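Enquirer: Given the structure of chain U, go ahead and fit chain F onto it with the hints provided.
Protein chains: 2
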Amino acid sequence: MSNWENNIRKVVPYVPGEQPKGNNLIKLNTNENPYGPSPKVKEKALAADALRLYPDPAASDLVAAIAKYHGLSEDRVFVGVGSDDVLAMSFMTFFNSDKPILFPDITYSFYDVWADMLRIPYETLPVNDAFEIVPEDYNKQNGGIVFPNPNAPTGIYMPLASVREIVSKNPDVIVIVDEAYIDFGGESALSMIDEFENLLVVRTFSKSRSMAGLRIGYAMGNPVLIKYLNDVKYSYNSYTMNRPSIELGVLSIQDDAYFKETVEKVIHTRERFSAGLKELGFTVLPSSTNFVFASHKKVPARELFTGARERGVIVRYFDKPRIDNFLRISIGTDEEMDTCLAVLKELL
Amino acid sequence: MSNWENNIRKVVPYVPGEQPKGNNLIKLNTNENPYGPSPKVKEKALAADALRLYPDPAASDLVAAIAKYHGLSEDRVFVGVGSDDVLAMSFMTFFNSDKPILFPDITYSFYDVWADMLRIPYETLPVNDAFEIVPEDYNKQNGGIVFPNPNAPTGIYMPLASVREIVSKNPDVIVIVDEAYIDFGGESALSMIDEFENLLVVRTFSKSRSMAGLRIGYAMGNPVLIKYLNDVKYSYNSYTMNRPSIELGVLSIQDDAYFKETVEKVIHTRERFSAGLKELGFTVLPSSTNFVFASHKKVPARELFTGARERGVIVRYFDKPRIDNFLRISIGTDEEMDTCLAVLKELL
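Order-wise, the sequence lines are chains U and F.
Here our numbering is used: the first residue of the first sequence is 1, the next is one more, and so on.
Here our numbering is used: the first residue of the second sequence is 1, the next is one more, and so on.
The following block holds chain U by itself, in its conformation from the complex (with noise of 0.2 Å):
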């Protein structure tokens, strides 16, 4: 080994989920959402003359649309690159105690990576045997909290008055609640960030709003939290949103017919694939997202991924303790989700 290489940040890094090149696959891997974004994006032609200028560094045009959206003030919004950026923006500004951060054992799998990366001492707690997140276990002494809410990859939601115990027990520390999935199922946390100012509620437009290849994610918080993570973003890179991003996130918000329509699709598809897997013996966690959580009795989960993948069906496997029985789907269209039964019911 160079002596140059004592001084690089080694990690193991995160392996993103598979995305394989090629059309021929039915893909239920990453819970992207089948239905495309909005016509008011697909006819948008780009301006390609104005690629040449930088963009707004403060995206100020999405800020103000996703404000608008939600009813608040635009100093209440912070965007990134994807709910990934925000995520790891707010744990680099807000989790600097020697104390542990706090998230379930069965969550996320990017919580654990951020924190290693950043030498932010954590402590995972078990969720309990139905997979809940257990509120009275995060009433600890601890340097921060975070948590998707529904979380991931159970499909799970848990009740808001939870979640308020959680972020009501801990004022000393910021409580960052990803809700990813929160529009397929639950009630949001923003309603409490009036209430609590330790309380930042993170989203992304990669799943309900159909936009995963263009990476928009967005946090609401109280005005000084927002303030402290423009702050790093603005050290760390002014110009992260490209112009597509922001023109073509503020077209994605302003069509929210649309967007509902495409989420009940999904939610209805759901339900319907979740008893079908029901049907064909499996174990369905109660899913608010637009995957879900199965495990079968007989077969097992790792045997199940492999015969579909071989039959053009990539759903998800993860190879950890406590759901190495499980597969994680992502719901597709009405039809995806029929062939996806139809090779597990040959499989089973």
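Derived by calculation from the structure, the hints in this document are not laboratory data.
Fair warning: there could be bad hints in the mix.
Copies of the same chain are indistinguishable here, so a pair counts whether it falls within one copy or spans any two.
What the hints assert, rightly or not - Calculated pairs, DSS-like style, for lysine-lysine (alpha carbon to alpha carbon, straight line, at most 30 Å):
no. : residue 1 : residue 2
1   : K10       : K99
2   : K10       : K169
3   : K227      : K68
4   : K10       : K68
5   : K227      : K320
6   : K297      : K345
7   : K297      : K278
8   : K265      : K345
9   : K345      : K278
10  : K345      : K320
Every value quoted in this text rests on a predicted model; they were computed, and no experiment measured them.
Expert: Showing chain F alone in chain U's frame:
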């Protein structure tokens, strides 16, 4: 102050160059390219339906196009959201020593911002009275080195032999050569990446490729450096490059004739404009970039800056030691630069 504020990372945020809205201004303040991207980019219809899918986390198509263009293997290329993202990731990955990193006192204004935010110790080394970097100054204990070549905001190019001296005298640390402006003049350090495994060369699409609005930057170096960068990138945000950036970036790289033609036009206008400035009594530093750095003997730069702004021409003024009597003026079209000269003449 609430208790939760104690653990917040507090930084003095970077203030980006002004991005005014409205079209009546001649904007010469942030080194954008007047010509717009390749017609190939303009003709491309954005595949909006594909926006529902995550981008390729490795941005393989773009990496392949860049590698092919420079005659490198693909494992020697790293891409990011503008060279700011690439440089910030590089600071985070490579600058983890207790010894200070080194960079010039007059240089890109983001280096100290990143160092402060990432808590990296640093030392600035003064450029000489001709505003040139002095290579032998960098022959001292350090935790890494970074400098732009050509330097900004001076525009001065350092001969490759001097770059070689700095890199070869510092084999135990990573040396980053930030070549944001190299296409407008000077020889690239790229020719030395085989010879020096501690050398990283960084580029951007924002200047010579006229795509500041899209945010594309890249780094080239030995495969071990690129691997470490990717590990950190995947641990921070797997999907940073969005689909429009990847698709349109490839098209830009492929249209080399347009690229060379517009770069030549900018260089031609720069020389013409520099001559005009000298006729007005300005001292103009020798520029190898798409901007000039100029000072007038009689009228203070601040006064010229304000007067030009009032007359619809925005240039950049830095209220910093040693350079507070200079203007940095980006090169626009010949017509824009003629207007700029006329306005300056009026103000003198």
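Enquirer: If you test the structure against every hint from before, which numbers come out violated?
Expert: The structure breaks none of the hints.
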